[in-house]
Each structure stands twice: as C-alpha cells, then as structure tokens.
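Trainee: What follows is each chain in one-letter form.
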Amino acid sequence: MDKAAWIRCVKSSLLKAGLPIRYVTRTCLELSDHAEESAEESAEESNVTGGEVLLLGESPQELSTQLVRSFRKQGFLRRIPPVLLLLLPLPVTILATGVYFGLSRVFLEAFIHPEKGPEEFPLHVIITFWIVFYVGRMVVPLLSGLAACAITQRMSRPWGWAAAFFALQCWATALLGTSMSVAASEGSLTVSLESLWPHLMGSAQLLSGVAIALFGFLAVSRLRLEQLQVE
Amino acid sequence: MARRKTNPDFLTGIPELLLLQLLSRTPMHGYAVVQAISASTAGELKFGEGSIYPILHRLEGEGKLTTKCGEHNGRQRVVYRTTKKGLKQLAESHSTWQRITNAVTTVFEAPNNGLRESHG
Numbered sequence: 000m001d002k003a004a005w006i007r008c009v010k011s012s013l014l015k016a017g018l019p020i021r022y023v024t025r026t027c028l029e030l031s032d033h034a035e036e037s038a039e040e041s042a043e044e045s046n047v048t049g050g051e052v053l054l055l056g057e058s059p060q061e062l063s064t065q066l067v068r069s070f071r072k073q074g075f076l077r078r079i080p081p082v083l084l085l086l087l088p089l090p091v092t093i094l095a096t097g098v099y100f101g102l103s104r105v106f107l108e109a110f111i112h113p114e115k116g117p118e119e120f121p122l123h124v125i126i127t128f129w130i131v132f133y134v135g136r137m138v139v140p141l142l143s144g145l146a147a148c149a150i151t152q153r154m155s156r157p158w159g160w161a162a163a164f165f166a167l168q169c170w171a172t173a174l175l176g177t178s179m180s181v182a183a184s185e186g187s188l189t190v191s192l193e194s195l196w197p198h199l200m201g202s203a204q205l206l207s208g209v210a211i212a213l214f215g216f217l218a219v220s221r222l223r224l225e226q227l228q229v230e
Numbered sequence: 000m001a002r003r004k005t006n007p008d009f010l011t012g013i014p015e016l017l018l019l020q021l022l023s024r025t026p027m028h029g030y031a032v033v034q035a036i037s038a039s040t041a042g043e044l045k046f047g048e049g050s051i052y053p054i055l056h057r058l059e060g061e062g063k064l065t066t067k068c069g070e071h072n073g074r075q076r077v078v079y080r081t082t083k084k085g086l087k088q089l090a091e092s093h094s095t096w097q098r099i100t101n102a103v104t105t106v107f108e109a110p111n112n113g114l115r116e117s118h119g
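Those sequence lines, one after another, are chains A and B.
Quick note, the first sequence lines up with residues 0 to 230 if you use numbering that gives the first Met the number 0.
Quick note, the second sequence lines up with residues 0 to 119 if you use numbering that gives the first Met the number 0.
Check before you lean on any hint, since a few could be wrong.
[As the list claims (entries may be wrong)] These stretches of chain B come out as covered by chain A in the derived footprint (C-beta under 8 Å, 3 or more residues): (1) 43-54; (2) 93-100.
[Said to hold, decoys possible] If you want the ones that stay clear, here's a sample from chain A, every Cβ over 10 Å from chain B, calculated: (3) 74; (4) 93; (5) 101; (6) 124.
Read the hints as simulated data drawn from the structure, not as lab findings.
Ideal Cβ placement from N, Cα and C applies to all residues, glycine included.
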C-alpha cells in the first residue's frame with residue numbers, strides 16, 4: 000500500500016471512531032513524517048525507491064485500533080461511555096430545569112410585585128411572560144442538548160453514540176418537561192413547576208429531540224466525510 | 000509471508016520506561032524514538048508505531064512529555080521531550096524495574112534458596 004493510501008486509511012478509521020479532528024490531523028502528520036523518513040532510509044540502504052511504506056509494521060487497521068484504544072483510556076469521560084449514556088441524561092435535565100427555573104423566577108420577580116395587590120400588566124409585560132413561558136421552555140431542551148453534545152464530544156465515540164445519547168437526553172427532557180405556574184396573592188409570589196408528561200408538549204419535545212439528533216448525526220457524518228475528502 | 004518477531008508479553012510498561020529515558024537525554028520525534036530503542040538495545044527490543052505513538056500521546060496527555068512542532072525537509076514534525084513530571088515518573092519506574100529485575104535474577108541464580116521440598 001502506498002503512503003498516501005495508508006495514511007488515508009488510518010485517518011478514516013480514526014475519524015469514524017469519533018476521535019477529535021485535531022488529534023487525528025496531528026497523528027496523521029506524525030505518521031506521514033514517520034513513513035517518509037522510513038522510506039528515505041530504506042531507499043538509502045537498499046536502493047528501493049517509490050512511495051511504498053516499508054517500515055510501518057502494523058496494518059492501518061491495527062495501528063488505528065491501538066491509537067483509538069489508547070486514546071479512549073485517557074480521561075474519565077472516555078472510559079465510561081455506557082455509564083454516561085444511561086445515567087447522565089436525567090441529572091443533566093434536572094440541572095437544566097433548575098437553571099431555567101432559577102432564571103425565570105428572577106425574571107418574574109422583577110416584574111410582579113405581590114405586595115401591591117392585583118395589578119393590570121401592560122402589554123409588553125404580558126408579551127414578555129409569554130416569551131418566558133413558551134419560547135423560554137425551549138431553554139431546557141436546548142441546555143440539555145448542548146450538555147449532551149459537549150459530553151459526547153469528550154467521550155470520543157462514533158457519532159451514533161452521540162445521537163443515542165442525545166435521544167435519551169431528549170426523552171429525559173420530555174419526561175421532566177415542565178410548565179411554570181405563577182400565583183401572586185396576599186403579598187406572596189409562588190412560582191412552581193408542573194410536569195407536562197404525558198401531555199402534548201412533552202411528546203413534542205421528545206419527537207423534536209429525536210429529529211434533531213438524527214439531523215445532527217447525518218450533518219456531522221457528512222461534514223466529517225467532506226473534511227476527509229478535502230484533506 | 001515471514002512472521003514478525005514479537006516482544007514477550009511481560010514487556011508491558013517497558014516501552015514507556017524506555018521512552019521516558021531516551022527522551023530525557025535528547026528530544027526526538029516518533030521515528031527517531033522507534034530507531035533509538037532498537038539501536039540502544041542492539042536490536043533486541045523493537046516496538047512498532049502501534050506501540051510507540053499511543054504511548055507518546057498518552058504521556059503527553061499526562062504532562063510527562065512536552066511537544067514542539069516544527070518543519071523538517073518540508074514536513075511537519077512533532078518532537079517530544081521529557082518534562083519534570085516525566086522525570087519523576089522515570090525515577091520511580093526505574094527504581095521499581097531494578098527491584099523487579101533483582102528479584103527475578105535472584106530466583107534464577109539461586110533456584111533452591113529458601114525453598115522447601117514438597118512431599119506428599
């Protein structure tokens with residue numbers, strides 16, 4: 000196998016395994032330098048010419064397997080992906096819900112003053128409430144999704160894992176899909192969360208999450224393939 | 000097809016020790032490391048790229064090696080060097096290695112020393 004094909008094969012295997020592009024690029028540069036030097040030295044010794052990879056002992060598949068195995072042993076997140084896949088979605092969702100709840104509460108308290116008694120809200124405040132309740136509800140899936148992306152990137156696994164993780168994340172988000180209720184009476188403000196499951200919004204979140212996961216999976220696969228072809 | 004000579008299974012951990020030692024003497028790139036191991040052990044130990052590069056990358060990730068990227072003959076080259084943390088690891092590993100080799104040598108040189116024959 001010539002050097003270029005050999006390197007391309009290693010690169011393709013590493014990318015398919017989900018290793019970071021930066022790491023793959025640097026490793027391939029190193030291997031390319033290694034192969035060049037090996038070929039030069041062999042040519043000097045035995046008058047062998049051409050781009051054959053003479054001293055690279057392992058096949059590209061063997062070398063990539065060892066590189067991937069070694070890479071995945073480094074770091075906590077890379078070592079326990081199945082555990083992450085099963086256990087993390089729920090805490091991540093709870094955390095994201097907490098962030099949403101906390102931010103919304105602070106925001107609402109800035110507008111509602113229960114000590115003043117019932118009051119007429121101006122239109123812009125009502126519109127803002129709607130944004131908080133309905134558009135803002137996307138914050139939880141968004142935060143959960145971003146967390147899922149960040150975690151799966153750290154896991155260095157094929158993107159199928161990321162898609163599965165994201166889908167589970169969406170399921171957890173839908174399960175805990177929340178709606179906020181606000182009650183202002185007798186000088187106190189109560190902001191509480193109610194589960195949407197199994198109502199329409201929860202199911203919609205689940206379906207949209209799965210759709211986004213599939214779309215992301217296809218988009219990333221395509222990007223990686225394009226990058227491979229360009230380089 | 001000629002079968003390649005493989006290193007014995009008990010050599011796990013040896014490449015790391017050799018890498019840290021060789022790179023503490025002089026900074027080298029991957030190919031030079033592979034050659035240096037073979038040359039400095041008179042060809043007795045040969046480790047392929049599949050062994051060397053993963054270890055180099057891991058040691059770099061652990062902060063025991065540092066790298067410098069440069070250009071050589073128009074090619075990008077990554078040169079490794081042992082860090083202080085790597086030197087500390089090297090000292091510990093070397094000490095362990097000496098204790099183990101001494102222990103194994105003792106067994107081989109005095110096979111009946113301290114052993115009782117089993118009857119039964």
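Trainee: Look at each hint and say if it fits the structure.
Mentor: Hint check results:
1. Using a Cβ-Cβ cut-off of 8 Å, 7 residues of the region 43-54 of chain B lie near chain A, which meets the minimum of three, so the contact claim holds.
2. Chain A is given as covering the region 93-100 of chain B, and this is violated because 0 residues of the stretch bring a CB closer than 8 Å to a CB of that chain, at least three being needed.
3. Not every CB of chain B lies more than 10 Å from the CB of residue 74 (chain A), the least distance being 8 Å, so the non-interface label is violated.
4. Every C-beta of chain B lies more than 10 Å from that of residue 93 (chain A), the closest at about 32 Å, which supports listing it as non-interface.
5. Once the 10 Å rule is applied to beta carbons, residue 101 (chain A) is consistent with being away from chain B; the minimum gap is 36 Å.
6. Every Cβ of chain B is farther than 10 Å from the Cβ of residue 124 (chain A); the closest lies at roughly 52 Å, confirming the non-interface assignment.
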